[in-house]
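> Could you build the full structure based on these sequences and the hints that come with them?
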Amino acid sequence: GAGVSQTPSNKVTEKGKYVELRCDPISGHTALYWYRQSLGQGPEFLIYFQGTGAADDSGLPNDRFFAVRPEGSVSTLKIQRTERGDSAVYLCASSTRTNTGELFFGEGSRLTVL
Amino acid sequence: EDQVTQSPEALRLQEGESSSLNCSYTVSGLRGLFWYRQDPGKGPEFLFTLYSAGEEKEKERLKATLTKKESFLHITAPKPEDSATYLCAVQAGGGADGLTFGKGTHLIIQP
Chain A
47 GAGVSQTPSN
57 KVTEKGKYVE
67 LRCDPISGHT
77 ALYWYRQSLG
87 QGPEFLIYFQ
97 GTGAADDSGL
107 PNDRFFAVRP
117 EGSVSTLKIQ
127 RTERGDSAVY
137 LCASSTRTNT
147 GELFFGEGSR
157 LTVL
Chain B
13 EDQVTQSPEA
23 LRLQEGESSS
33 LNCSYTVSGL
43 RGLFWYRQDP
53 GKGPEFLFTL
63 YSAGEEKEKE
73 RLKATLTKKE
83 SFLHITAPKP
93 EDSATYLCAV
103 QAGGGADGLT
113 FGKGTHLIIQ
123 P
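Just so you know, the sequences run in chain order A and B. Here the first sequence stands for residues 47 to 160, where the numbers follow my numbering. Here the second sequence stands for residues 13 to 123, where the numbers follow my numbering.
Please note that a few of the clues may not be correct.
The list that follows gives simulated cross-link-like pairs (lysine-lysine, DSS-like), each with its CA atoms no further than 25 Å apart [said to hold, decoys possible]:
1) K54(B) / K57(A)
2) K54(B) / K124(A)
3) K124(A) / K61(A)
4) K80(B) / K91(B)
For the record, the hints were derived by calculation from the structure and aren't laboratory data.
The structure is reproduced here in structure tokens:
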């Protein structure tokens with residue numbers, strides 16, 4: 047079956063622009079996570095959804111970052127007024143189990159802010 | 013603050029040369045420790061979960077162990093296809109949902 051799908055795989059934007067990154071989890075997975083990975087670093091937790099609601103958004107760095115999951119499946123990570131420091135690979139992961147560390151990750155969306 | 017430190021940062025081995033990767037952690041109430049493998053340009057792939065000191069898990073040439081302060085990933089007689097970055101992560105108790113990852117160990121197995 048299909049794994050976690052993320053689009054776009056690459057996004058280049060200019061400082062100050064708005065971007066959206068999309069995640070399509072594995073079918074039937076109710077738990078969905080967003081992580082951010084900078085070069086040479088491990089993934090950094092951003093936000094966790096259980097169903098449609100954000101159960102834990104404590105990792106979002108500031109109010110320029112926002113994520114939604116309106117129907118409990120596809121999720122979109124939205125970044126306003128992008129900054130060069132936002133450049134990273136944004137990883138989405140899903141799981142059948144709630145509040146677990148056993149995650150299925152997508153290949154990520156590489157964001158470059160010029 | 014939860015912390016995960018992995019060593020070495022990079023390791024180059026000959027095919028068949030066994031070794032161990034270290035993951036030291038400090039966490040407020042460990043709920044679980046996780047090992048992942050990450051290939052270049054890919055997302056991490058789940059390998060193991062360890063919950064309590066003394067626990068061990070095995071998969072093919074890999075064995076993960078856990079103490080109260082650290083975890084080891086032992087690689088026995090590795091093959092070139094075992095080359096990857098190995099990530100360690102912890103999940104804290106107290107309702108935390110996200111994982112805290114280390115920076116990883118970049119492992120290269122030379123034929």
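> The structure should be examined with respect to each hint, and the outcome stated for every one.
For each hint, the structure was consulted:
no., hint, in the structure
1, K54(B) / K57(A), "holds (16 Å)"
2, K54(B) / K124(A), "holds (22 Å)"
3, K124(A) / K61(A), "holds (15 Å)"
4, K80(B) / K91(B), "violated (30 Å)"
Of the numbered hints given earlier, the model fails hint 4 alone.
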